[in-house]
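Residue numbers (numbering that gives the first Met the number 0), protein chains in the order written: chain E, 0 to 106; chain W, 0 to 106.
Just so you know, these hints were derived from the structure itself, not from any lab. Check before you lean on any hint, since a few could be wrong.
Restraint ranges, calculated between C-beta atoms of paired labels, are given here [unchecked claim]:
| id | chain 1 | residue 1 | chain 2 | residue 2 | range |
| --- | --- | --- | --- | --- | --- |
| 1 | E | E48 | W | R74 | 39 to 45 Å |
| 2 | E | S29 | W | E48 | 25 to 31 Å |
| 3 | E | A76 | W | Y34 | 42 to 48 Å |
| 4 | W | A27 | E | S29 | 35 to 41 Å |
| 5 | W | R40 | E | K43 | 34 to 40 Å |
| 6 | E | S46 | W | R74 | 38 to 44 Å |
Stretches of chain W that chain E covers, calculated by requiring three or more beta carbons in the stretch to come under 8 Å of a beta carbon on chain E [stated by the list, open to error]:
| id | segment |
| --- | --- |
| 7 | 0–13 |
| 8 | 30–36 |
Don't be surprised by glycine CBs; every beta carbon is placed ideally from N, CA and C.
Protein chains: 2
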Amino acid sequence: MLLRYAIGDTLRRARTQQHRTLREVSVAASVSLGYLSEVERGRKEASSELLASICQALELDLSDVLETASAALRRNAPQVVAASLRGNATKGADFSCQHRELVDAVR
Amino acid sequence: MLLRYAIGDTLRRARTQQHRTLREVSVAASVSLGYLSEVERGRKEASSELLASICQALELDLSDVLETASAALRRNAPQVVAASLRGNATKGADFSCQHRELVDAVR
Numbered sequence: 000m001l002l003r004y005a006i007g008d009t010l011r012r013a014r015t016q017q018h019r020t021l022r023e024v025s026v027a028a029s030v031s032l033g034y035l036s037e038v039e040r041g042r043k044e045a046s047s048e049l050l051a052s053i054c055q056a057l058e059l060d061l062s063d064v065l066e067t068a069s070a071a072l073r074r075n076a077p078q079v080v081a082a083s084l085r086g087n088a089t090k091g092a093d094f095s096c097q098h099r100e101l102v103d104a105v106r
Numbered sequence: 000m001l002l003r004y005a006i007g008d009t010l011r012r013a014r015t016q017q018h019r020t021l022r023e024v025s026v027a028a029s030v031s032l033g034y035l036s037e038v039e040r041g042r043k044e045a046s047s048e049l050l051a052s053i054c055q056a057l058e059l060d061l062s063d064v065l066e067t068a069s070a071a072l073r074r075n076a077p078q079v080v081a082a083s084l085r086g087n088a089t090k091g092a093d094f095s096c097q098h099r100e101l102v103d104a105v106r
């Protein structure tokens, strides 16, 4: 799953849970309704400035939006790895272990 | 702090902790050295595809990169709120409480 899909989905869920329309949030964020709609559907990349503006309009911390997007990516990751390795389970497991060690090393 | 700074910094730290050069990672990620350098310094937005490619080159989960970036944004958030409210501590506190409630409601 690409980042823009995870972020767009997170923003759309936040907006609908607040019972706000695309129009309301687009006005509050000073972006066009069409652009906001495209961002929510993961069809357009939001610049960092635009993303900050949308988060402010939704009264959300960008850090919380990222955490939610990160969780969505994590849920989708196994399928992506499996698909990219075309069913090579052993190789997939090795990759996953190496991966975790590297991530731990970076932390 | 804007998202591209938080992500760029996270990517640069991961690369340097792996003792890899910009050249090595740019070749592995199929992006130009100059572009990767700009992304790391937060001067250019990386598209979702490019970001996925850089993460793959660094053998990092994008979800981990986002979590690290989220933590960096969270560390920087209080200063941003304080600055934007120009020292109005009471208003700042109210804003912070409202904010937390909204974030919790979305979750």
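Verification of the hints:
1. About 20 Å separates the C-beta atoms of E48(E) and R74(W), a value inconsistent with the hinted range of 39 to 45 Å.
2. Distance hint for S29(E) and E48(W): a CB-CB separation of about 27 Å, consistent with the stated range 25 to 31 Å.
3. At roughly 25 Å, the beta carbons of A76(E) and Y34(W) sit outside the given window of 42 to 48 Å.
4. Taking 35 to 41 Å as the suggested C-beta distance range, the pair A27(W) and S29(E) conforms, at roughly 39 Å.
5. At roughly 24 Å, the beta-carbon separation of R40(W) and K43(E) lies outside the given 34 to 40 Å, and the hint is violated.
6. Roughly 22 Å separates the CB atoms of S46(E) and R74(W), a value that falls outside the hinted 38 to 44 Å.
7. As drawn, the segment 0–13 of chain W meets chain E at 6 residues by the rule of a beta-carbon pair under 8 Å; at three or more, the given contact holds.
8. Under a criterion of three residues with beta carbons nearer than 8 Å to beta carbons of chain E, the stated coverage of the segment 30–36 of chain W fails, only 0 such residues being counted.
Checked against the numbered hints given earlier, this structure breaks hints 1, 3, 5, 6 and 8; the rest are met.
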